[in-house]
Amino acid sequence: MRVEYINPFVESAYNVLKEVLNCQVSRGELYLKSTSTPVLGVAALVGLAGDVEGRILFDMSKDTAIKVASVMNGEELKELDDLAKATITELANMITAQAVTKLHDLGFKFDLTPPAIFTGDNMEVTTAEVEALIVPMVIPYGKVEINVAIRERL
Amino acid sequence: MSNTIEKTVLMDQEKLPVKQIKQDFKMVTFSLGGKDYGIDIMKVKEIAKFSQFTYVPNTPPFVRGVYNLRGEIISIIDLRIFFHLPVEKRKDGVENGLILRLEDYIIGVIVDSIDKVVGIDSEDIQPPHPIFGDINVKYISGVVEYNGTLYLILDVEKLFGKEQTVQKPHPLEALELSLAEKPSIGVTPKESVTVGHTEKDFIRETLKTFKSFHVTPVNEKWLDERFEQWRAERGKQGRDLQIKSVDEADEFLRTFYSSYTDAVWPDEFAESFLELIQELSGRVFSVWNPGCGKGYETYSVTALFLNKFPDAVLKVWAMDNDLLSISTAPNLLLQLENLPTYLLPYTVKGKQGIGITSQLKDRIFFEYHDILHVNVVPECDLILARDLVSFLSPADQAKVLEEFYDKLKPNGILILGNNEEPIEMAKWVRISNKNFSAYRKNIE
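From first to last, the protein sequence lines are chains F and H. First residue of the first sequence? That's 0 in numbering that gives the first Met the number 0, and the numbers climb one at a time after it. First residue of the second sequence? That's 0 in numbering that gives the first Met the number 0, and the numbers climb one at a time after it.
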């Protein structure tokens, strides 16, 4: 993972979470993971293609996802319904968009795919040939892991 | 799912009391230099207070004297002096001790204080770990936890038994003793060799534990030399051979590290690098620099390459798994007053220090990366990995060296740390010079 890519994601995740949830956000230690990564329960995936290619995964437990969606909507949600899913999608969009803007300013050019949401138990994700950077963000509702696996086209 | 979990919890609870009832090993516990130890109660004849022993001249310092135990004369060993632990002087002159019944004779030992007798399950005893520090691991038969305290169980037969006579108890002393007696014939010199071996093994273990430095054919030559040197150094200072802390491990490794891994290369050092890359040719060059740290080495190499091949297309992949170091690399500021001449064209003076121009920076990809994960780099002309391989586990060392071989172009060059060499030398041609340990890929 190029050093230049790391900060935009860390910063934008911090800023966006803090802004939309209006709560204390703290960042855990960053670390690297190779190939397959277990998914906590709800994962929003955004793909990248261009000078830089790969994907970004926003991963959290179902419980955290419902709570986050409740706060963002300003109403108590009971389950992970369409509204909750749409809200998590939007969160992923906001964080990615802000990070990507920063990367564009640094001169990297690429396109994004719309986020897709995956839910279920015992899932894992594998990205061949790219190691993933894990940015754990801790919020009062649980943990959101941002899993970034991108690299420049060789 | 939840049912099974409850069930296992229940089973554990049922098991617990049963476990505590089983006590097939009893030991007398005592303290030495603030740590807790135990001795098998079967070896302990009695607990005693020694007050007046008779000093015997010409004995090692740990022999405090002989003692009259109801008519039987026994020798008294001070375990604290024996293990080089601090000795508290007692005002009344009364020492706590144990009288041990060994296979052949009875012996008294002095300890700081006697604690109690505890019964444990012998299955709970775990093998000793090499870094228990104060006491050489071979005198410890195991470790056990009882009521939250860890007890090291001393093997008294090994300590005082027939094999290891009292004359030669501590490995270091034994070593010095046997070294002094070298010209004499018989068993002694042979023993000194084996003792040296265990000491070396011990150092291997501690280097692994404290610094994750793994001794393998990659760095064995250096270790052998360093061990002799270390023995001389420590002997002169009257210190123990063993490594007991991270600081001491650092001290041991001091001569291992290569020069200028974390600094800009000075001109004369750069000269000998240029000698190495003399034979490289072509128009497209790729360089891989795993373990680049803050990037000083990377910038030096990149500048040297650019000077030598001004028209070439050059790309450098520099990686480190230390996030803090690698994060500072892309915007590294130099504080050097006299920059080496080869680097001057690529520097620009800023407010905070001397920066690197984009002409140089644009050639380098700094990546936060773990070399044990998939390495996505093209075929390389040069791989610069100084003092990196030795800090991987033996299996990973072999794997990474194999990968270096695969990733090099024919005639590509691998530079390892000054005290490192590849495991399979047949695959490489040594082209080292005075400042670099370098190898060319052997394609035959």
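Hints may be right or wrong, so weigh each one.
As the list claims (entries may be wrong) - Estimated spans, in silico, between C-beta atoms of each pair:
no.	chain 1	residue 1	chain 2	residue 2	range
1	H	394	F	10	32 to 40 Å
2	F	49	H	220	30 to 38 Å
3	H	390	F	113	22 to 30 Å
Stated by the list, open to error - The following residues of chain H were derived to be distant from chain F, with all beta-carbon distances above 10 Å:
no.	residue
4	198
5	276
6	404
In case anyone wonders, no lab produced these hints; they're calculated from the structure. Yeah, the Cβ is synthetic: ideal placement off N, Cα and C, and Gly gets one too.
In this structure, is the beta-carbon distance linking residue 390(H) and residue 113(F) contained in 22 to 30 Å?
-> About 44 Å separates the Cβ atoms of residue 390(H) and residue 113(F), which means 22 to 30 Å is violated.
Using the Cβ atoms, figure out if residue 49(F) sits within 30 to 38 Å of residue 220(H).
-> violated, 49 Å
Least C-beta distance between residue 198(H) and chain F, which was stated to exceed 10 Å = Holds: least Cβ distance 37 Å, greater than 10 Å.
Has the hinted range 32 to 40 Å been met by the Cβ atoms of residue 394(H) and residue 10(F)?
-> This hint holds: roughly 38 Å between Cβ atoms.
Check on residue 404(H) being off the interface with chain F, judged by Cβ distance over 10 Å | holds, 20 Å
Status of residue 276(H), Cβ more than 10 Å from any chain F Cβ = Given a closest Cβ separation of 23 Å, the condition holds.
Consistency with the previously given hints fails for numbers 2 and 3, ordered from lowest to highest.
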